[in-house]
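Heads up: the sequence lines are chains A and B, in that order. For the first sequence, position 103 (counting from the first letter as 1) is numbered 103 according to this note's numbering, and the numbering increases by one without interruption. So the number in this note's numbering is just where the residue sits in the second sequence, counting from 1, plus 1000.
Hints are computed from structural coordinates only; laboratory data are not their basis. Treat the hints with care, since some could be wrong.
Said to hold, decoys possible - Derived DSS-like pairs: lysine-lysine, alpha-carbon spacing no greater than 30 Å straight-line: (1) A:Lys57 / B:Lys1016; (2) B:Lys1070 / B:Lys1016; (3) B:Lys1003 / A:Lys57; (4) B:Lys1073 / A:Lys57; (5) A:Lys9 / A:Lys57; (6) A:Lys9 / B:Lys1110; (7) A:Lys57 / B:Lys1070; (8) A:Lys57 / B:Lys1102; (9) B:Lys1102 / A:Lys9.
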Amino acid sequence: DSGVTQTPKHLITATGQRVTLRCSPRSGDLSVYWYQQSLDQGLQFLIQYYNGEERAKGNILERFSAQQFPDLHSELNLSSLELGDSALYFCASSAVTSGEAPSTDTQYFGPGTRLTVL
Amino acid sequence: AQKITQTQPGMFVQEKEAVTLDCTYDTSDQSYGLFWYKQPSSGEMIFLIYQGSYDEQNATEGRYSLNFQKARKSANLVISASQLGDSAMYFCAMTPLWGYQKVTFGTGTKLQVIP
């Protein structure tokens, strides 16, 4: 058990709908990362938050958005869902990074949310 | 930009034998970290081992060791004494050590351990 929790574990929805995925980082971790893993795209970095602020953006669609709350949990919102959004969505957390110093922090992954869009 | 290449889509190994999973990388960063993760069929991503680009010694964690050859830009994972529970996908990943930790993953190698 990595200490990172994600809910729900599975989500089935229809095209055009909107869903919210939730992540709670390990105790004490300030950074949260979101990843999408699909069969054709592999594991793709979506976005990173550090202590409530967005710090890095990857291949995240405009239909997707995320935020990190004061209690450090994070939510990933996916809207206008398409069939191609079906994937395993991971949240990971690490103790840093502020980006202002070299960091060797490891990212620990949650169990993932499997999203199926029908 | 960073790139990770795992050229072995699938591998077989006999139980109790050692196996090496290949990983090469490309980056313009001077300082970076290299990771290996294991993803069993249940789906979770499990951190295995870390190597910093400035580390002079190869990292080891139990039965896992990382064969780091900086000049060749390779970071191969060696699993000694394979066990049936080692059957899984293995991902190599890297991140710059300065700046925000945007991690790049390889496409993975599926390892199957044969009894």
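Hints, one by one, checked against the model:
1. In summary, the hint linking Lys57 (chain A) to Lys1016 (chain B) is not supported, as the alpha carbons are separated by about 42 Å, beyond the 30 Å threshold.
2. For the hint pairing Lys1070 (chain B) with Lys1016 (chain B), the CA-to-CA distance comes to about 29 Å; that is within 30 Å, so the pair holds.
3. Taking the CA atoms of Lys1003 (chain B) and Lys57 (chain A), the gap is near 17 Å; set against the 30 Å cutoff, the hint holds.
4. With a C-alpha separation of about 26 Å, the suggested pairing of Lys1073 (chain B) with Lys57 (chain A) holds against the 30 Å cut-off.
5. Of the pairs offered as hints, the one joining Lys9 (chain A) and Lys57 (chain A) holds, with about 24 Å between alpha carbons and a cut-off of 30 Å not exceeded.
6. Of the supplied pair hints, the one linking Lys9 (chain A) and Lys1110 (chain B) holds, its CA atoms being roughly 24 Å apart against a limit of 30 Å.
7. Distance restraint check for Lys57 (chain A) and Lys1070 (chain B): the Cα-Cα separation of roughly 28 Å lies within the 30 Å cut-off, and the hinted pair is therefore satisfied.
8. Taking the CA atoms of Lys57 (chain A) and Lys1102 (chain B), the gap is near 8 Å; set against the 30 Å cutoff, the hint holds.
9. Between Lys1102 (chain B) and Lys9 (chain A) the alpha-carbon distance is near 25 Å, which keeps this suggested pair within the 30 Å criterion.
Hint 1 alone, counting from the list given before, is not met by this structure.
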